[in-house]
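Turn these sequences into a full structure, and let the hints guide you.
Okay, here's what each chain looks like letter by letter:
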Amino acid sequence: MSHNEDELIKELKNLKSNAKLDPQKKESMKMVLQQHAKKKRAKSKTKHSFIWFSTAAAILICGGLIYTLINTDQITLPADDNQQIEEVGNAGGDPKEPNDMEGLGMEESDDNDEQATPGEEDSGNEEVSQQEFKVDKLGNETQTIIPEGTEEKINVVNFRIEPYGIDYQVAELLNKYVIEENTVKHHGEDDMVGSIRLSVEENETIEQLSKEFQEKYSEEFDNVSEVTEPTDGDNPYSGLTQRVSATPQGYYLYQIEENVLVIQYEYDAGASDGMGPRLQKFIESIR
Amino acid sequence: MNEELITDWFDAYADDVYRFLVYYTSTSDVEDLVQEVFIKAINRYDSFKGDSSPKTWLISIARNVAIDETRKQKRKDWRKLIKTYEDKVDISPEDKHLLNEKKLELHKAIAKLKQDYRDVVILRGIEELSVSETANILKWSDSKVRVTFHRALKVLKLQVKEVHYES
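Chains A and B are the protein sequences, given in the same order.
Sequential numbering of the first sequence, starting at 1, is according to full-length UniProt numbering.
Sequential numbering of the second sequence, starting at 1, is according to full-length UniProt numbering.
In case anyone wonders, no lab produced these hints; they're calculated from the structure.
Fair warning: there could be bad hints in the mix.
[What the hints assert, rightly or not] One-sided and incomplete, this derived list gives chain A residues near chain B with beta-carbon spacing under 10 angstroms: (1) Ser-17; (2) Lys-20; (3) Lys-25; (4) Leu-33; (5) Gln-35; (6) Lys-134; (7) Lys-216; (8) Ser-218; (9) Glu-219; (10) Arg-243; (11) Val-244.
[Stated by the list, open to error] Facing chain A, according to a computed beta carbon distance under 7 angstroms, are these residues of chain B, among others: (12) Glu-3; (13) Ile-6; (14) Leu-106.
Here the structure is a predicted model, which is why all the values come from computation and not from measurement.
All C-beta atoms in this analysis are idealised placements derived from N, C-alpha and C, irrespective of residue type, glycine included.
If you want it as structure tokens, here you go:
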């Protein structure tokens with residue numbers, strides 16, 4: 001560095017002033033700055049709160065959506081998985097169910113029947129279940145009936161409706177079954193023999209339900225009997241029944257605790273000699 | 001940034017910022033700019049990472065404020081500027097006058113420098129900041145600070161009357 005540069009640097013250093021801000025101005029500036037800092041901090045706080053709440057709201061909404069999605073999946077999956085499947089041996093069957101009980105929770109659509117195609121049947125899946133309503137096959141045994149005054153040994157199949165724990169026996173003749181909604185329908189190799197449908201109406205009374213059934217039957221059929229207590233079969237439960245005279249069909253309602261077991265039956269008039277005692281045995285087996 | 005911190009910083013560095021602004025703008029009416037510098041510091045505090053000292057950071061803000069101000073400035077009040085030195089020396093009025101004239105000439109020469117040179121002359125030459133502090137404020141490398149300062153002095157020398165240095 002030349003002498004001149006040193007001189008210049010010295011001159012520059014001499015330019016360094018010790019000038020200071022006026023103390024009064026300094027104080028007023030300080031006040032302004034403190035107020036500005038305070039405002040800024042309040043704004044920042046509000047901004048952060050807004051961001052925090054927005055984030056929390058977004059997380060809650062996402063959580064809610066995910067929960068709904070999962071919940072929907074849980075509800076949907078079993079229904080998809082548990083399409084109504086009939087037992088083996090019913091491949092040729094085309095169950096034509098009486099569709100006269102619509103509105104009473106016992107309807108069966110033709111579409112549903114069509115879903116029970118042979119391809120969907122599973123020989124090992126006799127207990128077809130829905131989310132809650134299901135029927136377990138418990139085993140076989142022999143019972144005696146007396147059609148036309150003559151004793152006859154028949155095979156019956158024990159079933160249990162869950163989650164209600166209602167047990168009953170169905171003659172082997174009707175041991176094919178299909179579950180549709182909350183109804184189990186028992187039938188034979190073909191529907192010409194007849195069918196029995198069972199369902200459970202929760203928190204209902206037989207008196208209330210019988211009014212609805214009576215009204216429906218009166219609209220549908222001409223020769224309908226009075227609603228009476230069942231006399232053709234005995235079980236521990238109080239019940240009401242009504243039947244149509246022209247074609248053997250009708251219903252039984254049994255009060256089992258706070259629920260009502262609804263039984264609807266129908267069979268061919270020509271088969272009434274054999275079906276009557278079997279139906280009676282079925283009614284008596286209800287526990 | 002809380003009120004206590006800005007108060008501490010203001011107490012510690014307000015005069016440094018003030019003087020820097022005086023050198024840079026060549027005027028002593030920079031109180032508003034000082035306040036502006038500290039308001040900007042409050043607003044931009046989130047960007048202060050603490051890598052540099054608060055003083056360095058404040059001076060880098062002051063430099064930007066001063067550059068804006070210099071663009072707007074039409075006239076410089078040199079007489080008023082020179083008054084900022086008057087209480088510094090205890091010499092005869094004649095010598096004092098001579099000294100002030102020299103300083104005024106130097107100030108005018110600095111004001112004519114291009115921005116890079118002016119920056120480095122004020123920070124290294126007048127403020128006597130270290131190379132790394134200057135580099136930090138100007139976002140330069142240390143070597144660039146050294147080289148630019150050397151070049152700036154050469155140019156500044158030409159700007160000042162030769163007679164003044166020969167004598």
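Compare the structure with the hints numbered earlier in the document and write down the numbers of the violated ones, lowest to highest. 6, 7, 8, 9, 10 and 11
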